[in-house]
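Protein chains: 2
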Amino acid sequence: NKHQTKDAHANRGMTLEKDINETNHYYLESEQAVIHKKPTPVQVVNVDYPKRSAAVIKEAYYQKPSTTDFNGLYRGYHIDFEAKETKNKQSIPLSNIHDHQVEHMKRIDKHGGITFFIIRFSKMETTYLLPLQPFLKMWEAQQNGGRKSIPHDYIAENGYVIPFRLQAKVDYLKVVDDVFINGGEIT
Amino acid sequence: NKHQTKDAHANRGMTLEKDINETNHYYLESEQAVIHKKPTPVQVVNVDYPKRSAAVIKEAYYQKPSTTDFNGLYRGYHIDFEAKETKNKQSIPLSNIHDHQVEHMKRIDKHGGITFFIIRFSKMETTYLLPLQPFLKMWEAQQNGGRKSIPHDYIAENGYVIPFRLQAKVDYLKVVDDVFINGGEIT
Ligand SMILES: [Mg+2]
Ligand SMILES: [Mg+2]
Chain V
21 NKHQTKDAHA NRGMTLEKDI NETNHYYLES EQAVIHKKPT PVQVVNVDYP
71 KRSAAVIKEA YYQKPSTTDF NGLYRGYHID FEAKETKNKQ SIPLSNIHDH
121 QVEHMKRIDK HGGITFFIIR FSKMETTYLL PLQPFLKMWE AQQNGGRKSI
171 PHDYIAENGY VIPFRLQAKV DYLKVVDDVF INGGEIT
Chain A
21 NKHQTKDAHA NRGMTLEKDI NETNHYYLES EQAVIHKKPT PVQVVNVDYP
71 KRSAAVIKEA YYQKPSTTDF NGLYRGYHID FEAKETKNKQ SIPLSNIHDH
121 QVEHMKRIDK HGGITFFIIR FSKMETTYLL PLQPFLKMWE AQQNGGRKSI
171 PHDYIAENGY VIPFRLQAKV DYLKVVDDVF INGGEIT
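Sequence order for the protein chains is V and A. For what it's worth, UniProt numbering labels the leading residue of the first sequence as 21, then goes sequentially. For what it's worth, UniProt numbering labels the leading residue of the second sequence as 21, then goes sequentially.
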């Protein structure tokens, strides 16, 4: 199969992303929500245009995403979130979250959208929804010299366990209902 | 400049897209809305990982986008639209609009989002916002053997001219306010 991927970059942290993609597909098919993974931005430098066949990109580079992994629409609400997975047991590092991603999420919050992190501790098989506000406390503490990771305990206390269902392995809309829509964070 | 693009594909219909990107940047900076171009999806087949430097994508292919060009958040509303430009004077062809893009837009409409086309007749320097409903009439007619393009006249009658401003060359949020939010299409 010529199109088989050899792309380790794209496969990093693949399990959570794959589970969310499948969940989103289920949400789409069951007409609950329209939420998609944004494509990874790529800067194309060189392309071949062979006769009678598809253009072949010959040189390109991954770009840092300026926003988040996923966005879409649920019950009239704009949904925007970032997914992070770690093999650590005690904490998740803040190092691979970018400043402009956090700025983006602050904007989403300000303009009336629903924004959060989905964080998986893969060794414990536990996945949380962590709203932006408790995340920001740790993020801002880090910027003032605080710890460079968020403890699992903090996430367990300030986040919400996302239920696993066979059809929706990361059934996060259940939590969105409870926390943001019925819970009154969004009015 | 090594990163200079030779990418004709990416430059196709570049003027409208560039003007919308600039407009979105202005909307973002002036805190009016958070709307971004979605990256073009690319299927990566082969990547080099040189020591001490960035991964180089050596073989990749453009994929058909399964959704639309732009989405985001405005005054709490989910916004999702497709931009099309033509050098024709009389009509815009339906040929480069994909079935799954239209299906996507129907879903956005159904779930309470605001969705539309931005269509530019570049020779006349006129840009319209065409809501989904009048577009669908022409789209469905085409599927039943009707014409394969939308006449300029039809767009002028059923769409709305988007004002040009120096800072917001395609000031479409003005039209979104009038048509969808204050105009009662969204309640
Ligand atoms: Mg991620
Ligand atoms: Mg387009």
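Careful, some of the hints might be misleading.
It does not matter which identical chain is meant; a pair holds if it fits inside one copy or across any two.
[What the hints assert, rightly or not] Think about it this way: if two alpha-carbon atoms lie no more than 25 Å apart in a straight line, the pair counts; the simulated SDA-like pairs of lysine to any residue are: (1) 84 to 73; (2) 107 to 176; (3) 126 to 187; (4) 84 to 70; (5) 38 to 165; (6) 126 to 114; (7) 143 to 165; (8) 78 to 62; (9) 84 to 47; (10) 104 to 75; (11) 78 to 119; (12) 143 to 70; (13) 58 to 152; (14) 58 to 110; (15) 57 to 85; (16) 78 to 66; (17) 38 to 58; (18) 126 to 46; (19) 57 to 127; (20) 78 to 121; (21) 84 to 50; (22) 84 to 48; (23) 38 to 66; (24) 143 to 52; (25) 78 to 63; (26) 107 to 48.
In case anyone wonders, no lab produced these hints; they're calculated from the structure.
Checked hints:
For a Cα distance limit of 25 Å, the shortest separation of residue 84 from residue 73 across copies, 15 Å, qualifies, whereas the shortest one inside one copy, 30 Å, does not. With identical chains, the CA atoms of residue 107 and residue 176 are at most 25 Å apart within one copy only, with a shortest distance of 16 Å there and 57 Å across copies. In this assembly of identical chains, residue 126 and residue 187 lie within 25 Å of each other by CA distance solely across copies; the values are 24 Å between and 31 Å within a copy. Proximity of residue 84 to residue 70 under the C-alpha cut-off of 25 Å is restricted to the inter-copy arrangement: shortest distance 18 Å between copies versus 30 Å within a copy.
For the identical chains of this complex, residue 38 and residue 165 are neighbours neither inside a copy (34 Å) nor across copies (40 Å), given an alpha-carbon limit of 25 Å. When the C-alpha separation of residue 126 and residue 114 is checked against a cutoff of 25 Å, the pair qualifies only within one copy, where the shortest distance is 17 Å, while the shortest distance between copies is 38 Å. In this assembly of identical chains, residue 143 and residue 165 lie within 25 Å of each other by CA distance neither inside one copy nor across copies; the values are 28 Å within and 56 Å between. Taking the shortest alpha-carbon separations for residue 78 and residue 62, both the intra-copy value of 12 Å and the inter-copy value of 12 Å come in at or below 25 Å.
For the identical chains of this complex, residue 84 and residue 47 are inter-copy neighbours only, at 22 Å across copies versus 28 Å inside a copy, given an alpha-carbon limit of 25 Å. Within a single copy, residue 104 and residue 75 get their C-alpha atoms only as close as 33 Å, which misses the 25 Å cut-off; across copies the closest is 21 Å, which meets it. Proximity of residue 78 and residue 119 under a CA criterion of 25 Å is satisfied in neither setting, with 31 Å inside one chain copy and 29 Å between copies. Taking the shortest alpha-carbon separations for residue 143 and residue 70, neither the intra-copy value of 47 Å nor the inter-copy value of 31 Å comes in at or below 25 Å.
Taking the shortest alpha-carbon separations for residue 58 and residue 152, both the intra-copy value of 20 Å and the inter-copy value of 23 Å come in at or below 25 Å. Taking CA atoms no more than 25 Å apart as the test, residue 58 paired with residue 110 passes in neither setting, with 29 Å inside one copy and 35 Å between copies. With identical chains, the CA atoms of residue 57 and residue 85 are at most 25 Å apart both within one copy (12 Å) and between copies (12 Å). Proximity of residue 78 to residue 66 under the C-alpha cut-off of 25 Å is found in both arrangements, the shortest distances being 5 Å within a copy and 9 Å between copies.
In this homomeric assembly, residue 38 and residue 58 come within 25 Å of each other (Cα to Cα) both inside a single copy, at 13 Å, and across copies, at 20 Å. For a Cα distance limit of 25 Å, the shortest separation of residue 126 from residue 46 across copies, 17 Å, qualifies, whereas the shortest one inside one copy, 28 Å, does not. With identical chains, the CA atoms of residue 57 and residue 127 are at most 25 Å apart both within one copy (19 Å) and between copies (16 Å). Neither within a single protomer nor between protomers do residue 78 and residue 121 lie at most 25 Å apart by alpha-carbon distance, with minima of 29 Å and 28 Å respectively.
In the homo-oligomer, the alpha carbons of residue 84 and residue 50 lie at most 25 Å apart only across protomers (24 Å), although the nearest pairing inside one protomer, at 33 Å, exceeds that limit. For the identical chains of this complex, residue 84 and residue 48 are inter-copy neighbours only, at 19 Å across copies versus 28 Å inside a copy, given an alpha-carbon limit of 25 Å. In this assembly of identical chains, residue 38 and residue 66 lie within 25 Å of each other by CA distance solely across copies; the values are 20 Å between and 30 Å within a copy. In this assembly of identical chains, the alpha carbons of residue 143 and residue 52 never lie at most 25 Å apart, being 30 Å within a copy and 42 Å across copies at closest.
Proximity of residue 78 to residue 63 under the C-alpha cut-off of 25 Å is found in both arrangements, the shortest distances being 11 Å within a copy and 12 Å between copies. For a Cα distance limit of 25 Å, the shortest separation of residue 107 from residue 48 qualifies neither inside one copy, at 30 Å, nor across copies, at 36 Å.
Comparing the model with each earlier hint shows violations of hints 5, 7, 11, 12, 14, 20, 24 and 26; every other hint is respected.
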